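Participant: So the protein sequences, as listed, match chains B and G. Residue numbers for the first sequence follow this note's numbering, beginning at 27 and rising by one. Residue numbers for the second sequence follow this note's numbering, beginning at 959 and rising by one.
One or more of the hints may lead you astray.
Stated by the list, open to error - Using 30 Å as the maximum straight-line C-alpha spacing, the simulated DSS-like pairs for lysine-lysine come out as follows: (1) LYS129/B / LYS1036/G; (2) LYS982/G / LYS129/B; (3) LYS84/B / LYS95/B; (4) LYS75/B / LYS129/B; (5) LYS129/B / LYS1026/G; (6) LYS48/B / LYS95/B; (7) LYS982/G / LYS75/B; (8) LYS103/B / LYS48/B; (9) LYS1036/G / LYS982/G.
As the list claims (entries may be wrong) - Partner residues are not named here, just some residues of chain B that face chain G (Cβ under 8 Å, in silico): (10) TYR65; (11) PRO66; (12) ARG68; (13) PHE72; (14) ILE77; (15) ASN81; (16) LYS129; (17) ILE131.
What the hints assert, rightly or not - Ranges between beta-carbon positions, derived for each pair: (18) PRO1039/G / ASN81/B: 43 to 51 Å; (19) MET998/G / ASN43/B: 30 to 38 Å; (20) ASN94/B / GLN1038/G: 42 to 50 Å; (21) SER139/B / ALA1030/G: 18 to 26 Å; (22) GLU41/B / PHE1032/G: 38 to 46 Å; (23) ARG980/G / GLY79/B: 33 to 41 Å.
Honestly, the hints are just simulated from the structure, not real lab data. Predicted, not measured: the structure shown is a model, and the values here were computed from it. Using N, Cα and C, we set each Cβ at its ideal position, and we do this for glycine too.
Now for the letters of each chain:
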Amino acid sequence: AQSVAQPEDQVNVAEGNPLTVKCTYSVSGNPYLFWYVQYPNRGLQFLLKYITGDNLVKGSYGFEAEFNKSQTSFHLKKPSALVSDSALYFCAVRESGYSSASKIIFGSGTRLSIRP
Amino acid sequence: DAGVIQSPRHEVTEMGQEVTLRCKPISGHNSLFWYRQTMMRGLELLIYFNNNVPIDDSGMPEDRFSAKMPNASFSTLKIQPSEPRDSAVYFCASRLLTGELFFGEGSRLTVL
Chain B
27 AQSVAQPEDQ VNVAEGNPLT VKCTYSVSGN PYLFWYVQYP NRGLQFLLKY
77 ITGDNLVKGS YGFEAEFNKS QTSFHLKKPS ALVSDSALYF CAVRESGYSS
127 ASKIIFGSGT RLSIRP
Chain G
959 DAGVIQSPRH EVTEMGQEVT LRCKPISGHN SLFWYRQTMM RGLELLIYFN
1009 NNVPIDDSGM PEDRFSAKMP NASFSTLKIQ PSEPRDSAVY FCASRLLTGE
1059 LFFGEGSRLT VL
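With the hints as extra help, turn the sequences into a complete structure.
Facilitator: Next up, the structure:
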């Protein structure tokens, strides 16, 4: 069965500094990986995904993520953090295969706090 | 498109009452998911449908929970009878084949 781990409950970064939110995964076969963001009292919003191809994936709001197969990681990054990036971030993995019937499992979430 | 629409946004009920949460997925999406979010347990997958057929309901906590998808544009999650430990935010999400989920704004349930 697939699983995803976010080892940090909270990440604190000063505005303007680079940020990294960590994610590792376990899945049989090739992984399909996702990042989502959740603002208070809102649903989750899709940021970016890795399916195949270039290991560096660019997404919304200036975020990017790097797929590392040997380390089974998919860390979320941004070169310069904004206070408005403060939110809850979820990594997710989908079962291998492109079946329309496959499910997506989410990590426990990492709260990102950007101080001015 | 209006996105995934959930109702009600907030529900407060008493223990033992029946609760019905509703979801309208994005038109054309063929998979629908129900998740539950709590502080203690995070985001849990309860059940998901593909082409209106339940594929995996192993996350449904107890027989008190049931979900239906009578057609491609509507799904319900029912709790009967409700208990205080069911208090959570329940999310519905839908998906195209490309993989990413689109979430509704959630239904916040409080069982007293």
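Participant: Which numbered conditions among the earlier hints are violated in the structure presented, ordered from lowest to highest?
Facilitator: Failing hints, ascending: 10, 11, 15 and 21.
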